[in-house]
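A.B. asks: Read top to bottom, the protein sequences are chains A and B.
Under our numbering, read the first sequence as residues 1 to 203, first letter to last.
Under our numbering, read the second sequence as residues 1 to 165, first letter to last.
Rather than coming from a laboratory, the hints here were simulated on the basis of the structure.
These numbers were taken from a predicted model, which means no experiment stands behind them.
Virtual Cβ for every residue (Gly too), placed ideally from N, Cα, C.
Accuracy of the hints is not assured; some may be wrong.
Unchecked claim - Taking lysine-lysine pairs in the DSSO-like style, the calculated list, with each CA pair at most 27 Å apart, reads:
(1) Lys199(A) x Lys70(B)
(2) Lys129(A) x Lys25(B)
(3) Lys129(A) x Lys121(B)
Said to hold, decoys possible - Here are a few chain A residues that sit away from chain B, every Cβ distance over 10 Å (derived from the structure):
(4) Glu26
(5) Arg40
(6) Ser176
(7) Val180
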Amino acid sequence: MQATETATETDIRTDEELVELVVGGEVDCFEELITRYQPRMFGMARKYFRNESDVEEVVQTIFTKTFQKLGSYKGTAPFEHWFMRLSVNTCYDALRRRRNRREHTISDMLFEDESWQERLGNIPSDDDKEGLEQARELVHTVLDQVSDRARIVLTLQELEGRSVKEIAEITGWSESLVKVQAFRARKEMRASVERFLMKEKRL
Amino acid sequence: MEPYDVNEYGQMKVNDTEQFLKLAKSVQNDERVPVNFSARVMTRVREQHTLETRSADEQFLKFFRNLPWKEHVPYAFEKRIMARIRELLTPDPLTVWSRMLWRAVAPCFGVMILAALFSTKEPTAAFIDQAAYDPDETTTETVDPESTDFETVMLASFDDLEYTW
Numbered sequence: 001m002q003a004t005e006t007a008t009e010t011d012i013r014t015d016e017e018l019v020e021l022v023v024g025g026e027v028d029c030f031e032e033l034i035t036r037y038q039p040r041m042f043g044m045a046r047k048y049f050r051n052e053s054d055v056e057e058v059v060q061t062i063f064t065k066t067f068q069k070l071g072s073y074k075g076t077a078p079f080e081h082w083f084m085r086l087s088v089n090t091c092y093d094a095l096r097r098r099r100n101r102r103e104h105t106i107s108d109m110l111f112e113d114e115s116w117q118e119r120l121g122n123i124p125s126d127d128d129k130e131g132l133e134q135a136r137e138l139v140h141t142v143l144d145q146v147s148d149r150a151r152i153v154l155t156l157q158e159l160e161g162r163s164v165k166e167i168a169e170i171t172g173w174s175e176s177l178v179k180v181q182a183f184r185a186r187k188e189m190r191a192s193v194e195r196f197l198m199k200e201k202r203l
Numbered sequence: 001m002e003p004y005d006v007n008e009y010g011q012m013k014v015n016d017t018e019q020f021l022k023l024a025k026s027v028q029n030d031e032r033v034p035v036n037f038s039a040r041v042m043t044r045v046r047e048q049h050t051l052e053t054r055s056a057d058e059q060f061l062k063f064f065r066n067l068p069w070k071e072h073v074p075y076a077f078e079k080r081i082m083a084r085i086r087e088l089l090t091p092d093p094l095t096v097w098s099r100m101l102w103r104a105v106a107p108c109f110g111v112m113i114l115a116a117l118f119s120t121k122e123p124t125a126a127f128i129d130q131a132a133y134d135p136d137e138t139t140t141e142t143v144d145p146e147s148t149d150f151e152t153v154m155l156a157s158f159d160d161l162e163y164t165w
């Protein structure tokens, strides 16, 4: 009975309460935070990194960094916002470090049987694991051609559908800088897509 | 009436054919280009290119947005992170030792400066007296009595060793 009560109590604990407990010395409460956020973190990291080992490394860094910096969380904003900001910045740093480790070129992603645009036209079904994997590879290859900042902005704005204000909060940039970056990001992406088309035409 | 001679099949005679070809070859190509033709073509090419690119660009974004991204978490990942965090919390003796050494740098530096200041200050009264007692001493070499004492103390054990031999 008591165990059930404790479990219910744990379930309804807010992020902020958990943070307070961890900072107070109850380190084990951090596991609850990890369990709560890890699927989102993995989903996010997979948008930036294609290798599963890189994804795991980044997520691990995010949580370790969070634990180390938990003391600096003031509690003025929701923990989720603070955490998202830290995780996006960690991904950005990791992207910059991996800048020279691009594994695939445009030529690798051109297919003989169907054109690039045809492939973009149909998203593979959830059952088609190989097709989904190839589709993700394609997205990564196009986004590998753009700068890290552009990639962050494109992912946050286009994929996650975040507003300029939200992106500014997450990245710590000003709203005008986010707008400029978003414009540049679209331009870079267009150039990357163009390169794909030109390469395909040449083949 | 045809302008050239034809045979019974209505075809030009060989000589006439050659002559006709010669005439055709001699006609200059009209290479005149309508005004702004290249600009007009380029505008069309650009329009086509923009259309193609834009559609591909938008198509890519649509593809990017609708693609499902897996949120699968490796087995016991949280346990792994917690183990790493606990590791971070356990102090490593070497780290503690090096931290202590680094902390000792500032006081040691302070002591060093003090010692340097102390050694460069004016000679002691006893040393001045000794110098006054020995008026022939004109060399610039000065012997610090403290260092002499220090040397005597340090070498005392070796002096004793000499006697045992």
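A.B. asks: If a hint holds in the structure, say so; if it does not, say that too.
C.D. replies: Structure-based check of all given hints:
1. Using a Cα cut-off of 27 Å, the hinted pair Lys199(A) and Lys70(B) is violated, with the two alpha carbons roughly 30 Å apart.
2. Straight-line distance between C-alpha atoms of Lys129(A) and Lys25(B) comes to about 65 Å, which puts the hinted pair past the 27 Å bound.
3. Of the supplied pair hints, the one linking Lys129(A) and Lys121(B) is violated, its CA atoms being roughly 83 Å apart against a limit of 27 Å.
4. No Cβ of chain B comes within 10 Å of the Cβ of Glu26(A); the nearest lies about 12 Å off, and the non-interface call holds.
5. The claim that Arg40(A) is not at the interface with chain B is violated, since a C-beta of that chain comes within 10 Å of its own (minimum 7 Å).
6. With 10 Å as the threshold on Cβ separation, the claim that Ser176(A) sits away from chain B holds: the shortest Cβ distance comes to roughly 23 Å.
7. Distance to chain B confirms Val180(A) as a non-interface residue, since its nearest Cβ pair spans about 19 Å, more than 10 Å.
Figure legend: structure checked against the earlier numbered hints; hints not met, in rising order: 1, 2, 3, 5.
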